[in-house]
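Engineer: The task is simple: from the sequences and hints, build the whole structure.
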Amino acid sequence: MKKLHAFSLLAISIFAGPPLLRGADTPTITISKSDKLAVAIGNLGGADGAQAAKILQNDLAMSGYFNLVPAASAGFVIGGTSGGASLAGSVTDRAGKTVLSQTFSGTARGKVHAFADEIVETLTGSKGFANTKVAFVASRSGHKEIYVADADGSGVQQLTNDANISVGPRLSPDGRTLVYTGYKSGYADVYEIELGSGARSRIIKFPGTNTGASYSPDGRQLAVILSKDGNPELYTTSAGGGGARRLTRTTGVESTPTWSPDGGELIYSSDDRGTPQLYRIPSGGGTGRLVGTGHSYNTEPNWSPDGKKIAFTVRSGGGFSVAILDLAGGGARIVASGEGPAWGADSRHLIFADGGALILLDAQTGQKTTVVSGFGKISEPTWSR
Amino acid sequence: MKTHHFLPLALAALFALTFTACVNGKKKTGGGGGVEGDFVTGTPLPERQEGVSFLGSNVDRSKFRPVYFSFDSVALDGGERGKIDEVADFLKSGANTLIIAGFTDERGTPEYNRGLGERRAQAVREALISAGADASKIQTVSFGAEMPAASGGGESAWAKNRRAEFGVVR
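Those protein sequence lines, which keep their order, are chains A and B.
Numbers in this note's numbering are just positions in the first sequence, counted from 1, shifted up by 15.
For the second sequence, position 151 matches number 141 in this note's numbering, and the numbering has no gaps at all.
No wet-lab data here; the hints were simulated from the structure.
Some hints here could point you the wrong way.
As the list claims (entries may be wrong) - Straight-line alpha carbon distances no greater than 27 Å define the calculated BS3-like cross-link-like pairs of lysine-lysine that follow: (1) B:Lys127 <-> A:Lys199; (2) A:Lys383 <-> A:Lys142; (3) B:Lys73 <-> B:Lys53; (4) B:Lys53 <-> A:Lys392.
Structural biologist: Next comes the structure, spelled out in structure tokens:
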């Protein structure tokens, strides 16, 4: 066992990025329980104040930054009035000084999620993820269909109902649209759904298999895998699917592209050298360079919004694991069994699929929460930012 | 005595090598995926025919036997050659068009499997083209690990699911 560890450490150090970069950045900050901020939900009144308090409590706990305590021992007290489409929220510190006072509008849950994210941002400086959407493939109906939900797993809604094959969903960063691979035509085409109106259109329908579409961070482009030229290759197109531009020229299978936060680069999986490995390529064109992970089967990379790391799926033995690789160096580490990881807006939490569960993982503490289950087998989750 | 045993083996190996090198070519380039390097990786697909797809009622999916593949491989095994020649002869002798559908077993991640299935369909397409079939008559589609031919886990089911099927447009 000890020998095995020593070997994997060695393997990691061999496959890790340029050693010169190592140590240039602190890869993780460990927050122990005592580092969490003590907050209290005080008086949250109004017509749906009690319900709002419950949602808020869950959102704040999920963020990983807070301990919810009685008002007497809290550093910050949250209050407000919630009713109809609005929530007037406030946060006061121990001295009674107001540090946040803002009115949020939206659905009964949406306005609370927006308040939660504002509390996270005000008190920690980090971006919250309560007011974001997740989407995934689930098999409950007997067919693979696309579902969408709030990041806390509430309000699950079935988006496609084609009794066919609908897979590979990717939300736009703003959560307003979603692209996926659908087989309605009998071929694999890329469809776009506008979540507000439900309007759907087929946006990429070249000969062959069109799949793996993924929005750029500004929502204006897609990276996508097309086989029209005689082999699955990586392309970029406009968000509407036009102007396909080929980036790779290999004899292997390219899959699952993910964008850097500035949109300048892509990381994707390719088995051009045998087994699927990760490569990094400028999104405007260039050469794909190997991103060493120390693992032999690497797919489904997802670039964190802070640009520092990727999460991806590795295959080991008979199953899949979620791994995280610090791009500045340091080697990949396995964080959970499961597949298809996607980073949240805070670059701290991941969602991934594990059998019939959609799981939220705090990559800093290792805490796991099942946010969706009971929808059959879940796969290919995606998370708006 | 030794040579007698060895010769057929060597010939078979040589055939397999040549064959996979022609239709597969995988693992040979290692170019890292960049656009630099002017090598062709496949024969572009023709435009789709309106109203025709692999799953449509106007497509005969049982005329030819599926071609099977090894785990995580797109190489055409020598034993599958006869099936491909049959299809090539049929295409050369008539006006029918063909849709090749590629499939995988369940042991990969979904999007990679869609790519692998497409790569299998395209490997069969390239072999048909090499055998003289008209490239403009052959479409491909991949279903990845969806629509398995055999359900359940285990190598006996997986082996049946790693396949390319032929759909003849009537």
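Engineer: Run the distance test for Lys73 of chain B versus Lys53 of chain B: straight-line Cα separation, threshold 27 Å.
Structural biologist: holds, 11 Å
Engineer: So if I understand the rule, the pair passes when the alpha-carbon distance is 27 Å or less; does Lys383 of chain A with Lys142 of chain A pass?
Structural biologist: Within the cut-off at roughly 20 Å; holds.
Engineer: Could you grab the alpha-carbon distance between Lys53 of chain B and Lys392 of chain A and see if it respects the 27 Å cut-off?
Structural biologist: This hinted pair is violated, its Cα atoms lying about 34 Å apart.
Engineer: Taken at face value, is the distance from the CA of Lys199 of chain A to the CA of Lys127 of chain B at most 27 Å?
Structural biologist: holds, 22 Å
In summary, the structure is inconsistent with hint 4 from the numbered list given earlier, while agreeing with all the others.
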